[in-house]
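*Asks:* Following the hints, put chain A in place on chain P, whose structure we already have.
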Amino acid sequence: EVKLVESGGGLVQPGRSLKLSCAASGFSFNDYWMGWVRQAPGKGLEWIGEINQDSSTINYTPSLKDKFTISRDNAQNTLYLQMSKLGSEDTAIYYCARVADDGYGIWFAYWGQGTLVTVSS
Amino acid sequence: EIVLTQSPTTMAASPGEKVTLTCRASSSVSYMHWYQQRSGTSPKLWIYETSKLASGVPNRFSGSGSGTSYSLTINSMETEDAATYYCQQGSSYPPTFGAGTKLELK
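If you read the sequences in order, they're chains P and A. Counting from 1, one number per residue, gives the positions in the first sequence under the numbering used here. Counting from 1, one number per residue, gives the positions in the second sequence under the numbering used here.
Since no wrong hints were added, every one of them can be taken at face value.
Taking CB as the label site, the calculated pair distances span:
id: 1; chain 1: P; residue 1: SER17; chain 2: A; residue 2: THR41; range: 24 to 30 Å
id: 2; chain 1: A; residue 1: GLU49; chain 2: P; residue 2: LYS3; range: 22 to 28 Å
id: 3; chain 1: P; residue 1: LEU11; chain 2: A; residue 2: SER39; range: 21 to 27 Å
id: 4; chain 1: A; residue 1: SER55; chain 2: P; residue 2: LEU11; range: 34 to 40 Å
id: 5; chain 1: P; residue 1: TYR104; chain 2: A; residue 2: GLY16; range: 31 to 37 Å
id: 6; chain 1: P; residue 1: THR57; chain 2: A; residue 2: SER30; range: 17 to 23 Å
id: 7; chain 1: A; residue 1: SER26; chain 2: P; residue 2: LYS65; range: 18 to 24 Å
Derived from the structure by calculation, the hints contain no laboratory data. From the three backbone atoms N, C-alpha and C, an ideal C-beta is built for every residue, glycine too.
Chain P extracted, bound-state conformation (with noise of 0.2 Å):
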């Protein structure tokens, strides 16, 4: 059974920083691209960006380039995302996801169960 178990969010002041991680089991992870996605409260879902099995590639939504960081440890099956610079504007619910590829685009075929960030003074 495919399972992503994402950590480490909570509460963090604007302008901090903090790191989610997002471990993975029921699969071979070193095979897959992965990625994250947010949803702000009561909100849809925005991609934050994704990447490849063996971190060659790593690609991010251009508002979150400069803000976030992707990065995976395949020995460890986990996947990584820093965010600097925190502000209200990131409050969200953190997914993690396997991402699907039929060489026409992307899809997200398994999501973990996800992790709240809180940016609050």
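*Replies:* Relative to the frame of chain P, chain A by itself:
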């Protein structure tokens, strides 16, 4: 960036009723994918590559469309189908989601 517009924003359906949700893209996409999100839970892949049902999805669901116009249909509404449904395109970067259709039970 491709903008996805879902309609209606909210709707209510009675058990047994046929339901159709639509998603329109601002530019042509190769496929559309759909997710179901029940209240307080994470999204689940529901339909991928426009018309393929994800594992465990009941066959009363179907997806169709091409180019800029796509739809998700429920043949006969059931209680468990009450949720928010999001469409998503991955043909053009960045991948984008629609704002969702909240489907309620009447």
